[in-house]
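Peer 1: Here is how the chains run, residue by residue.
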Amino acid sequence: MSVIQDPVNAGVTSGQQEPGGTNYINHSKGALSWLLTLDHKRIGLMYMVMVLAAFLLGGSFAVALRTLLFLRAAPDVAPMTPASQDLYNQFFTLHGAILVFMFIIPAVPAILGNMILPLMLGAKDVAFPRLNLLSWYCYMAGGGFFLYVLLSGGLDTGWTFYTPYSTSTNTSVAAATLGAFVLGFSSILTGLNFIATIHMLRPPGMGWFQMPLFLWALYATSVIQVLATPVLAITLLLLFAERVLHVGIFDPALGGDPVLFQHFFWFYSHPAVYIMILPAMGIISELMATFCRRQIFGYSFIAFSSIAIALLGFLVWGHHMYTTQSAMANAVFSLITFSVAIPSAIKVFNWLATMYKGSISLATPMLYSLAFIWLFTIGGLTGVFLGSLSLDIMAHDTTFVVAHFHSVMVGSMLTAFLGGMYYWWPKMFGKMYNETVAKVAWFLIFIGFNLTFFVLFVAGSQGMPRRYADFLPEFAIYHKISTVGSYVLAIGLFLVLYNWIHSLLAGRKAPQNPWGGNTLEWHTSSPPPHENFIEEPFVSEPYQMHAWDYDESIDGYVFNRARAEELEKQGHH
Amino acid sequence: MSDAHTHDGHDHGIGHVSPVWMLLGVFALLIFFTVLTVAVTYVDLGSANIWIALAVAVVKGALVGLYFMHLRYDSPFNSLILVTAFLFLAVFIGIALMDTGEYQQNIPPPATVRPVAG
Amino acid sequence: MSSEHEQSNHAANGDHHHPAHLAHHFETPEQQFESGKLGMWVFLATEILMFGGLFCAYAIYRGNHQDVFLYGYGALDKMWGATNTVVLLASSLTMAWGVRAAQKGQQKLLVAMLIATFMGGVGFMCIKGVEYQQKWKHNLFPGTMNAFYYEGGQAKYPEKLKHAIEFIDGRNSGGEASGGGGHAPAGHESTDDSKPVEHSDTVEADSASPVIIPAVFGAPADVSTIKPPANPTEQGVLDSAIDQAGDGSTPSAAHTQILWNDLSGAEQKKVHLFFGIYFMMTGLHGLHVLIGMVLIAWLTFKAFKGQFSKDYFAPVDIGGLYWHLVDLIWIFLFPLLYLIH
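Protein chains in written order, with this note's numbering: chain A, 1 to 573; chain B, 1 to 118; chain C, 1 to 341.
Note that these hints are calculated values from the structure, not bench results.
These numbers were taken from a predicted model, which means no experiment stands behind them.
One should not assume that every hint holds.
Calculated lysine-lysine pairs in the DSSO-like style (CA-CA distance at most 30 Å, straight line) [said to hold, decoys possible]: (1) K305/C to K104/C; (2) K310/C to K124/A; (3) K431/A to K509/A; (4) K124/A to K302/C.
Which residues of chain A face chain C? A few of them, derived with a C-beta cut under 7 Å, are [claimed, not checked]: (5) A73; (6) V77; (7) F128; (8) R130; (9) L134; (10) H199; (11) V226; (12) L227; (13) P230; (14) A233; (15) I249.
So the derived label-pair ranges between C-beta atoms look like this [stated by the list, open to error]: (16) L335/A to L66/B: 29 to 39 Å; (17) F32/B to S28/A: 42 to 52 Å; (18) M22/B to L56/A: 35 to 45 Å; (19) V20/B to T144/C: 23 to 33 Å; (20) I31/B to A297/C: 21 to 31 Å.
C-beta atoms are modelled at their ideal positions from N, C-alpha and C, and glycine is treated no differently.
Work out the full structure, taking the sequences as your base and the hints as a guide.
Peer 2: Put into structure tokens, the structure is as follows:
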């Protein structure tokens with residue numbers, strides 16, 4: 001905390017400006033200044049561009065596969081042919097593989113984590129900026145492999161690469177496994193970086209329990225990334241060896257064990273589900289506190305439930321294998337699966353309690369948090385159904401499962417991601433977005449998503465298998481509704497994109513703190529300068545909303561240092 | 001308080017300097033255990049052999065970790081990382097091994113190739 | 001929250017000299033050093049879990065196919081394995097010594113120790129190369145290259161299979177193994193070539209009738225056409241390798257002897273899996289040795305140019321951690337692959 005500063009007026013100025021008013025975006029120019037940058041914010045932006053491109057690509061496949069199913073519901077128009085079945089297999093595989101490996105996993109940590117984590121710590125950068133850049137290049141290389149897959153025969157194994165089919169199909173499995181392998185490195189490097197950064201670069205005055213909850217969530221996520229992803233790496237290496245050399249470890253025709261592949265795969269991929277949802281939960285904790293303008297309810301419970309979810313997440317992978325593994329393993333996994341519901345529910349109840357008697361502002365990010373709670377509750381509770389053995393044996397591989405995990409991995413994660421993007425958008429770019437358009441887009445996304453997936457719960461409970469290009473006539477209506485829903489969802493997402501681009505081109509200049517949050521990223525200018533803070537920010541309790549006063553002239557909040565110090569003293573006595 | 005700020009040592013060097021006798025002593029022990037583990041294979045102890053071999057390996061690994069890798073003198077958190085890694089590995093192998101009883105030695109070849117479910 | 005702590009720290013920060021090797025986002029060299037170490041340890045944890053997948057596959061297959069492993073490991077030479085263990089341990093010693101030299105600012109000693117460590121890596125890879133070459137010679141490379149590879153329930157390379165069975169049975173019954181370990185690699189190779197002659201009659205006689213294995217997976221394999229080349233009297237012949245470990249007269253009769261015909265039909269088709277796992281494990285480990293060698297070469301270069309000092313030796317320490325981990329993994333690989341009982 002720099003001493004020479006008038007405590008009352010600190011922050012009344014539009015924040016911390018570099019001399020000449022430069023910020024991290026215009027700090028230096030030229031393509032190389034981006035491609036060789038070590039600045040976490042620029043790397044976050046480069047991740048944003050690529051991850052959103054992957055989202056567009058994978059999302060297109062999703063809409064395409066829904067369209068194929070819609071056409072199937074009108075067989076006179078488009079009769080089923082082997083070619084259209086192959087196309088369907090390709091579409092659902094590519095939508096899954098691209099969206100899982102290239103969108104859902106990196107989205108929150110690599111974009112918002114990279115962008116916000118060092119700012120929240122009041123640090124100049126992550127602990128290992130070079131590894132951070134390497135992580136982005138790994139992502140690019142992995143993306144390159146997937147592009148190669150697209151151009152060379154595609155992929156039809158499902159994103160799970162289950163053996164023995166993946167060892168025998170003549171699509172580009174080898175390139176896809178290499179791609180996912182390299183993307184895994186990108187994920188590991190991000191996680192490693194965050195762990196070291198949170199351990200070593202917390203500012204004086206910020207103990208573990210003064211950290212914003214987003215950081216707890218990112219920390220828990222990083223632990224999973226670091227401990228689970230290497231197992232995916234070896235799984236994919238072995239699968240690659242299986243394809244190229246026919247080593248036989250996973251191939252039953254050669255004496256191998258395909259169920260072993262499932263153990264390998266899900267030891268990573270179940271925890272990976274928490275890589276997707278934990279940082280999303282972290283975002284929701286931030287949004288809840290800021291937009292209810294009050295101290296988050298049950299801070300330490302939310303913090304510890306993140307860690308609990310991360311650890312328990314490693315012990316439940318077998319619930320993907322109820323139909324293939326031993327009865328003993330089934331019983332153990334079912335039991336532990338139920339226990340994951342506890343920390344998840346703790347979070348939901350804490351968010352609800354935060355809203356209770358809060359002064360809730362229904363800004364776009366808050367609307368997304370509400371959508372998150374709705375979708376996460378649906379996804380979570382249906383997860384409890386599926387955790388019970390007897391029900392899962394029946395619902396296994398039906399669209400009920402599809403609807404369940406899309407509610408969590410897409411519905412919840414996507415709404416939290418979008419909420420977080422809107423929340424930090426002014427900080428990232430220094431521009432505001434159009435609130436009305438944002439709300440319309442939110443509405444379309446919320447309606448579209450529920451339309452798409454709610455009917456799949458119904459269809460699945462009546463026996464509609466997943467990953468089928470064909471279905472009985474009684475399922476036609478569900479598929480029609482679902483496809484229409486996916487179009488609504490897609491329109492909503494394009495509207496979001498339009499709003500963002502419009503904001504970049506013609507958005508109103510953003511104040512330093514448009515929402516009144518007190519985490520450290522709001523203590524620097526929007527967008528932040530090259531090294532994040534010109535003056536050391538005032539570190540205090542992260543959800544102390546009363547340290548900020550609303551200033552109508554800038555439509556933003558202004559830091560009241562004197563009051564902040566007063567509140568800080570009170571908090572200690 | 002970030003971990004780095006807890007001690008403020010500038011005057012003394014960074015990290016622990018291992019004395020030569022200790023390095024050589026650890027090396028001698030490692031060689032001794034290597035000879036031991038090979039020698040034990042010439043005695044038939046039934047299924048105990050593998051466990052003895054693994055126990056010796058664990059001791060050797062601990063020596064390398066504690067002394068060559070300075071864990072004994074490092075921040076305990078680094079040891080915690082190592083132990084956590086082994087713990088999760090144990091969970092992985094342990095639970096996967098529960099399934100070995102289900103392994104079928106002979107699987108009839110599938111009649112047709114079908115898309116994989118999952 | 002602890003304002004006095006803040007103040008002292010940041011007052012110190014103001015006039016703190018920022019050495020060239022200290023990155024801009026760290027406040028003190030110690031913070032940077034500890035961060036680097038923490039990062040490396042986290043990375044090592046990922047390495048352990050990555051190899052862990054292979055150990056898991058190993059445990060599952062060894063649990064399910066005890067005899068296949070007992071049989072297949074006969075192709076490995078425990079003395080080469082033990083020698084490599086010693087080589088790698090020695091290079092770990094020189095690495096740790098190198099870190100000590102760096103900490104004490106002993107430039108020349110540091111360079112010497114790093115070169116010694118690098119040479120340890122070279123020695124390890126050379127021995128590994130000799131071992132791999134031997135496998136290559138007997139067609140024991142993994143997957144479709146393996147002599148024990150079956151396709152549609154039928155041996156893919158009947159001729160190579162016979163040769164490989166002969167090779168492993170010979171070693172498992174104790175006869176051939178005497179060529180191993182203690183001798184120079186060249187001698188070792190030639191022994192393998194000359195020895196099988198005494199059995200060649202059996203093989204020739206049978207080679208007229210191809211090795212037919214019923215196409216149905218479940219049926220017991222018809223391997224009666226292959227006569228076991230080993231005869232029990234050969235058992236108990238000493239592995240000269242023992243000479244190094246013990247007094248040279250320890251009988252190896254205590255070993256469980258598994259020959260090709262002791263394996264069930266289903267197990268015979270899985271012998272190639274042992275080699276798959278062996279090559280995956282040692283191959284991935286060897287790759288790590290190579291990466292470690294590149295790392296050490298880079299450190300040597302920097303040390304040679306005098307870029308390390310008492311105050312700045314973090315790359316040596318952190319690179320050393322990686323090298324020790326490679327050693328650590330081998331410490332487990334060695335008994336699991338070479339000392340199967």
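Peer 1: Against each hint, give a clear statement of whether it holds in the structure.
Peer 2: These are the hints, each one checked on the structure:
no. : hint                        : result
1   : K305/C to K104/C            : 17 Å, holds
2   : K310/C to K124/A            : 27 Å, holds
3   : K431/A to K509/A            : 5 Å, holds
4   : K124/A to K302/C            : 28 Å, holds
5   : A73                         : 42 Å, violated
6   : V77                         : 44 Å, violated
7   : F128                        : 6 Å, holds
8   : R130                        : 9 Å, violated
9   : L134                        : 12 Å, violated
10  : H199                        : 6 Å, holds
11  : V226                        : 6 Å, holds
12  : L227                        : 6 Å, holds
13  : P230                        : 4 Å, holds
14  : A233                        : 5 Å, holds
15  : I249                        : 6 Å, holds
16  : L335/A to L66/B: 29 to 39 Å : 37 Å, holds
17  : F32/B to S28/A: 42 to 52 Å  : 59 Å, violated
18  : M22/B to L56/A: 35 to 45 Å  : 59 Å, violated
19  : V20/B to T144/C: 23 to 33 Å : 51 Å, violated
20  : I31/B to A297/C: 21 to 31 Å : 26 Å, holds
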